[in-house]
Each structure stands twice: as C-alpha cells, then as structure tokens.
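Listed in order, the protein sequences are those of chains D and V.
Residue numbers for the first sequence follow numbering that gives the first Met the number 0, beginning at 0 and rising by one.
Residue numbers for the second sequence follow numbering that gives the first Met the number 0, beginning at 0 and rising by one.
Bear in mind the hints are in silico, worked out from the structure with no lab data behind them.
Note that this is a predicted model, so its numbers are computed, not measured.
All the pointers check out, no bait thrown in.
Here are the simulated lysine-lysine pairs, DSSO-like style, with alpha carbons at most 27 angstroms apart:
no., chain 1, residue 1, chain 2, residue 2
1, V, LYS195, V, LYS108
2, D, LYS226, D, LYS105
3, D, LYS105, V, LYS160
4, V, LYS378, D, LYS171
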Amino acid sequence: MDEKIVLRMENVTMQFGGVVAVNNLSLDVPEGQIVALIGPNGAGKTTAFNCITGVYQPTNGRVSFKGKTMICSHPTGKMKKNYLGSDEKKFASEPIVNPAPDHVVKLGIARTFQNIRLWKSMTVFENVLVAKHMRAKQNVFSAIFRTNAKEEARMRAETMALLEEQGLEQYKDEIATSLPYGLQRRLEIARALATEPSLLLLDEPAAGMNPQETQELAEYIQQIRDKHHLTVFLIEHHMDLVMKISDYIYVIDFGSEIARGVPKEVQQNKRVIEAYLGVTEDA
Amino acid sequence: MRKTKHTGRSLLAVAGLLLVIILLENISSWIPGLPAVFAPTSQLFTVLKKGAVYSLVAVSMNLLNGFTGLFSLGQAGFMLLGAYTYAILTVPMASKDQVYYLFGGSAVKFSLVDLFQSLFGNTGFGGYLSLICAVLVGILFAGLVAALFAALIGTPVLRLKSDYLAIATLGFAEILRAIFQWQTLGPITNGANMLKSFPTFADFNIRNGAGQVVLRLSTFVPFLAAIICIALIVLLIHSSYGRAFKAIRDDEVAAEAMGISLFKHKMLSFVISSFFSGVGGALFAMYVANAQAKAFTSTMTYEILLIVVIGGIGSISGSVIGTFLYVACSEWWLRFLDAETYIGSFKVPLLRSGFRMVVFSVVIMIIVLFFSKGIMGDKELSWAGIGGLLKKRRPKKKTPAGKEG
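Throw the hints in and build the complete structure from the sequences for me.
Right under this line is the structure:
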C-alpha cells in the first residue's frame, strides 16, 4: 500500500469502571479518504472519537497521527487489577502520552459534535472567527493595544471567505443557534474547518436531517474534502449516507469491531445485519 | 470606516465626561451661591468617587464572571492586596514612624513618594510630578501583586468549576484578610491597624503657594484612572482573546475542541481581572484615605457581585450604570431613611438608623425577582443602540396620531 495513513488506532480500549466502552479497536484512516465508523446505538462510536480527540484518556492503546504517536496509554494504578481488555502488556513500556483536546486540534484534527455545540451568544461570523484564534500570531498585549490589526484583519477576511464558501454569508450577523438545524450543522463544519485541519472528524453529521438534507450533506462532505484536501473520518447512523460516500467502513458493536470493508462488503456482512436488525430466529 | 467614526465619538464622549467632572467639582468655587449639592463636601462627590472606583472593580469582576463564566468571589481579596501594596509603597518616610508607631517603624525602608521627590523635588510642579509618578507606580505595583497572587492560586483553583471555584476564591480572600491582620507581620502591614498618610485623591487638587486649592481634581483623578482601566478591559473583550473567553463561557467542551486552551485562557482572564481588582483596591485605599484589612470583607465582594448582577452579567456598560445607581442609592438617595424625621410634631414611623438597609434589601429582592437579567442584560450601551432607541421612539408617538386620523 502506497497510501499514507493519517490516523491509526492500535488496540485502543476505553474502560469506565467495569464497563468496556471501546474494546481493542484498531483501525487505519488513509489520507484523502472518507472512512466511516458505524454501529448500533451505544456501540461506543462517540467514545472512540473522544479517545482520539483527547477528551478521554484511553485505558490502553495508541493513537498515532501522520505516523507520530499522539496518544499512548496503558492501564495504571487500580485499573491494572481491574482491566478487562486485552494487550495490556503491549504498551506497558511506553510513556503515557495524554494531550489536552486543544493540543490535538493544533496538530490538525478538528471535530464536530453529535449534539450541536455552537456558542449560543455569538453570531455565525463570530463562531467561525473564534476558531481562528488558535492559529493567530498574537499575544494579549498586542490584542489589547491593537498592534495585531493585520492579523485580526486576516482572520476576519479568512472567516468571511469560509462563510461565503459554505453559503452562510447571508446569515453572518445572526445568532448562531437561531439558524435552521441543517445550517447549524453546516456552520459547525465551517467552524471546524476554520482551525485548518487535515483530518476532520464528523460525529453523526446527518442526525436529525431529512432524506433531502442528507443527500445534500453527502455531496457537501465530498466537496469540502476535495477543496480543503481533507481526510474525513465520520460516525453515522444513516446507512444510505455512509454507503454512498465512504471509501471504507468499520463496524463496531458493544465496543468491539465486528466487520470492516468497502461499503458493498459490509452491506452483505451477516454479522452487521444481525447487529442492526437483531438475530433472525429461523434456523 | 464606521468603526473609526464610533471610536472617535466614544473618545469625544469620554473627554466630554471628564470635562464635565472638572466643571462640576470646581463650579462652586467659581460661582458662589450655588445649591449645597455642588459644594466639595456634598454627597454627590462621594458618590462619584466611590462609583468610579467600584465601577472598575465591578467591570473586572464582570470580565471573570460574565465574560469567561468563572464564578469567582475573590474580588475583595485582590482589592486588599492592591490597597496594601499601594499603601505600603507610598507612605512617606516622614510619616512612617507615626503610622507604624506600635511596631517601632516600618520594615519597608523606602517610599515611592520620597523616591520621586528626590528626583523631581517636592515643591511646585516637581512636587506634583513626583506625586503623579509615585501614585502611578504604586498603583501599577498594586495591580501586579494582585495578578501575581492570582497566578499562584490559579493553578490549583481554576481546576474547580462553578460553586466550588466560588468557595475556594472566597476562602482565599478570607485567609488573606486574616493574614494581613496578623500582628507578626506588623512591621509591614501594620497589623490590625490602618495604614494612612499615603497620597490620596485630595492630594491631586492643585494648590497655590499659600496652600489654597486653585483647581479641584480629586474626583477627576479616580474617573480618569477608572476610564483608562475600563477602556483596556473593553479592548481586551473585543479582541480575539475576549471572543475566546466568551466561547469558554458559552461551551467549554466546544471551545476546547476548537483549539482554545482552557487552562491558559481561564488563567489569563483570572490574572487580568485580578490585576484590575488590585488597581481598584489601590484606588479604594486612596478614596477612603486608609488601608485596613477589615474593610475588605466578603460583604464587599457580595456588594460588587450585586452590582454586576443588577447591571447585567456580561455587560460592561451595565456594570458601570449599576455601580453608580447602587452607590448613589446606598450613599446618598436613601440616606433620608436613616434619619429620624418629624413632620410638624409627628414623628414619621420606621425611619431610623438602619432602616435604609431594610428598604435597600427589598429593592434588591425586587430586582433579582423581576429583572433577573439586570438593567442591560448582556447588551452594551452603544451609539447604534442609542440611535435605534431614538428612532423607535418617534414612530411610537406617531402611531396613535395616525389612528386618530
């Protein structure tokens, strides 16, 4: 394989007390592709996302980004005794790396949320502008005394360009949460793009959308992938969206992988159908 | 383009306000026979001075509570640090023995006042210049010491959220108050006694050779200081950092996921807010002409919190308006409630010393119950807003006329 792997998860296990939410999950996200992580409700998809973005420290396993270890962990303390997963020896000799979420974003991984989390007191424009803050070259004093005027102007111009590109410019002065649902989702993606990521994590981008909107979203995701040279890793429930746009699919249930493959393979996989529709009783 | 126009207008308004303050202070000595309100001893000037000082502290608290969403109650503690730092550094050498008489003089063997007087002289213009420098440097150090303490306690304390943060910062303020009254520290803090004799607002009044006041500036100075500090806070809030603070207030998880370091920005807001509280503390010491630890109680913090809530959490202009209303009510307009009043031979019931606070509490309860968003909500007083208000008023007056016709 010549493809560069952007994101690699190795044996990632997340255990909360006695519950293993993600169990020994290993996956690769190659550059420029759209990879989906699917599974029934409560399968551990969002937990897997939170392990990648630094919200949770995984109990065991490694996440590497562009070939470099970004997150690495192994069971320590009490968890050593209570650990229910496997491969606990594999990373035991490596130092624990546990970056804060903002550090992960700085490396170039941006995300959206399942339940939209826009800043509710801010306008559409400001929501995107704030995401530009991280990469701005300035300090508090230059910000107070306005010696960063050039930088500020650049941020504003880039924000405006991004809004125009996403077709949100006519809403720029409206309060973000007053937008219709579909546009709020789009704004969340625009905000994530403002952090200049190379990997975009979408947490159920089509949740609560009707078939028409879902259709538009599918095209939209492909568009931004091409335009911003992104790799996209998404969690989704809507099968038609996933099947349509994904290059590769991982299926998990009860935290463990049950299938992987291109959409066609997954569609016909018996275990996937069982997990989604329940076991057929006829024997 | 519009923005520069608004900045120009705001600067003009501020300059106008300062001019009005100077006029107001001096008008009684220029035109005799004016009502007693304009006399320099009138409650009006108490209100203006205290209002200027408190509005700075209220705005700095609003930066933390209203804009960054950190519920901190350490304001009085940081004010105390500021007040003491200022006082310790500026008590003139000549007065030290008298101020610290219980401890046989001060452990701090220098004074900013004497330091600058040795540079610029102590009479006439040189004296005035050294006064300005000493006060400026003193105030700056007051802010820096408060900011330093904020940075020190910030690391453990800012891990806490909402109520827990409030309890921790309140505790910090109480501990400071106790420490500053500790007799062992007497040679520095003067123990439980007050520090005094340092430069106050009244020292800024320009006097002639005979020692008579030529131009009063004792209300102008706190206004100028407060306006400069509040302007800096406003500039911060409208900058990229201010937007990041608001993002943290609105949704911490989203802010972190968009690359805003929570710890760094919370710390920044905490340190800056404490800096200005320290400056406010120094100004407060100048206003009351003494620094005494027992003045900086949690009641003071609550007072400021109340102002912030009345004015509107997340509104700078609300905090300023709230401050002047609060201070005017508590120091001036409701004073009559404390005095025993007779109409003819009839003694008005209830009016006696302390009744003011009863009425005041009821007023506050009404505000909190029925106007929970405060005077301004999270809106700001702006030129566009004032213009809009005027425009709205006009058609309103016209509509009934139209209906008649």
